[in-house]
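Enquirer: In case you want the letters, here they are:
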Amino acid sequence: MSLSLNNIDKSFGSIKVLNNVNIQSHGRECLGIIGPNGAGKSTLFKVISGNLKQDKGDIYFNSLNINNLNINKRARLGISQSFQKNSLFLEMTVKESIMLALSHKYKITFKMLNSLINNKAINNDAIEIAKDTGLLDYFDTKSDNLSYGLQRQLELGIAISCSPKLLLLDEPTAGMSPAETKEIIKLIKKLSAKYSIIIVEHDMDVIYELANRIYVLDRGTLIFEGDAKSVKNSELVQNKYLGI
Amino acid sequence: MRAVNHNPQLRSQLFFLLLFSAIIANIFGGYFTRFFVAEIVILSIFAISLDFIASRGGMVSLGHAMFLGIGAYTTAILSLNYGISPFASTFLTFITACLIGLIIAYFIVLLDGIFFIMVTLALGEMFNSWVFTSDYLGGSDGISGIMRPDLAFIGIDTNSPLIFTFYVLLWLIGIYYLLIKITDAPLGRNLDAIRQNSNRISAIGGYTRAYKAIAFSLSAGIASVAGSLYVQLNGFISPELTHWTVSGEGLIMIIVGGIGSISGAILGATVVHIVQHELSSIINWWMLVIGFGFIFIVLFMKDGLWGLLEKIQKKLR
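From first to last, the protein sequence lines stand for chains A and B.
Mind the numbering: the first sequence is residues 5 to 248 in this note's numbering, read in order.
Mind the numbering: the second sequence is residues 23 to 339 in this note's numbering, read in order.
If you're looking for bench data, these hints aren't it; they were derived computationally from the structure.
In this text, a Cβ means the ideal position worked out from N, Cα and C, and glycines have one as well.
It is possible that part of the hints are untrue.
[Stated by the list, open to error] Dumping the calculated EDC-like pairs for lysine to aspartate or glutamate here, alpha-carbon to alpha-carbon at most 16 angstroms: (1) Lys99/A <-> Asp136/A; (2) Lys198/A <-> Glu132/A; (3) Lys244/A <-> Asp222/A; (4) Lys124/A <-> Asp206/B; (5) Lys99/A <-> Asp206/B; (6) Lys115/A <-> Asp206/B; (7) Lys111/A <-> Asp129/A; (8) Lys193/A <-> Glu213/A; (9) Lys193/A <-> Asp136/A.
[What the hints assert, rightly or not] In silico contact screen, one side only, chain B against chain A (beta carbon under 8 angstroms); selected entries: (10) Leu209; (11) Ala215; (12) Asn221.
Pulled out of the complex, with its shape left as it was, chain A reads as follows:
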């Protein structure tokens, strides 16, 4: 997997939210993007996922220019995402939600006459994903009846069901209790062995624990790149991010 963001600019009216952002990611790594509130993290996330289009610059995914591809076309190329706010199918059970996402992986979404729920191969895959995401005990529970932490896990479950080449996680620990945060960090660590991941997060401790490489954004500009240790030790990051 390779992702390359070259000279990305994005403005909303007269406010420049992203300014000449350059990010490269190659191979299986867990890349972190951090920054204080208003740094442009979520905008950058949306630009990568295809929810927003950049004003300037190019995005290449596996050497393919994806500037003009919208969110579903990017998803079909293998860019999968979990949202900052849970975005689930609340009337469906965990099993149904995962099987639905798997129907996209199996490219059978236009099938009209075969039952999805009775598809054995997809059902077995769904069990595996539920195991991976710690949701097997809640397999037949409606998404709406899950706790917030379990809903976050289902977010990840749906995202990985599409067999992604790149997994985008937007603040995966947002709104979680410390215990739930621990669980989700454990889960993402496990997933990072299988998938290339980009995490956008405001909680530096989460990023330090998960990311191999970190980009620091401040007011739309990348101000630092390095591993967790170098970010921790960077005076520039301390000044800008922590206001020290």
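Please arrange chain B on chain A, whose structure you already have, making use of the hints.
Expert: Only chain B this time, still in chain A's reference frame:
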């Protein structure tokens, strides 16, 4: 858009109960009962066409009477002007309406909520105005003299109310079976997911527009079958059938029955038509009673009669 719980067991039980009731009423009823049952069956087909797009894709159409009209007028023209048998006409009208539905759907299915409703309403009213003024379609007088299918070669006389009611019941069974297959298939599940959260379907690579267009097209085809059977039952067609209030009545039926279960729509069509028929023969202000009944269901029975049946089913367990 709210839909009832996915409960295939109750769906089948309710369908077979309604089917059994219709068969009994048809066998033991008189001429008018049989005609009345046939009307309910045709309305049920129309109601499930609306139920399908409302629950699979979250599309509420106030212009679906247009497809009812397309079915009725196409059958009338094909059988009267071109000598095509009404049986074949029903299939041809299904294909025609599917194609027209697909073209319309391509442009409108991505519209949300009120915009979708208003565009379908506008399309329906445009069609209604055109039908009213078209000499070819008989203008306000409509077209009469449409025959029922000639199945004499297998010894069946469809002019017999008993036989014709069984004939329309067969259509209902076929359409019900097709729709439950689609509902439980990946396409149906994706359409249900679109109703719940279309953004997420896009984010996992779904073809939202294509899924919704297929559903709308199929629904248009099914509504046209109802129109085709209606014109065969009555022997005539007039522009009133294409008025938006007919679509509105269809929506009332699916809300009363409970949106999203298919069988609930059939139950809704049955109950609403029986209440309309019985009340109108007793009191002049029957519309007022129906209006209050509808408001009661919307306020206190969000899953309609289906919700009530589900509660009964749970208590019986």
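Enquirer: Which hint numbers doesn't this structure obey?
Expert: Hints that this structure does not satisfy do not exist here, as all of them hold.
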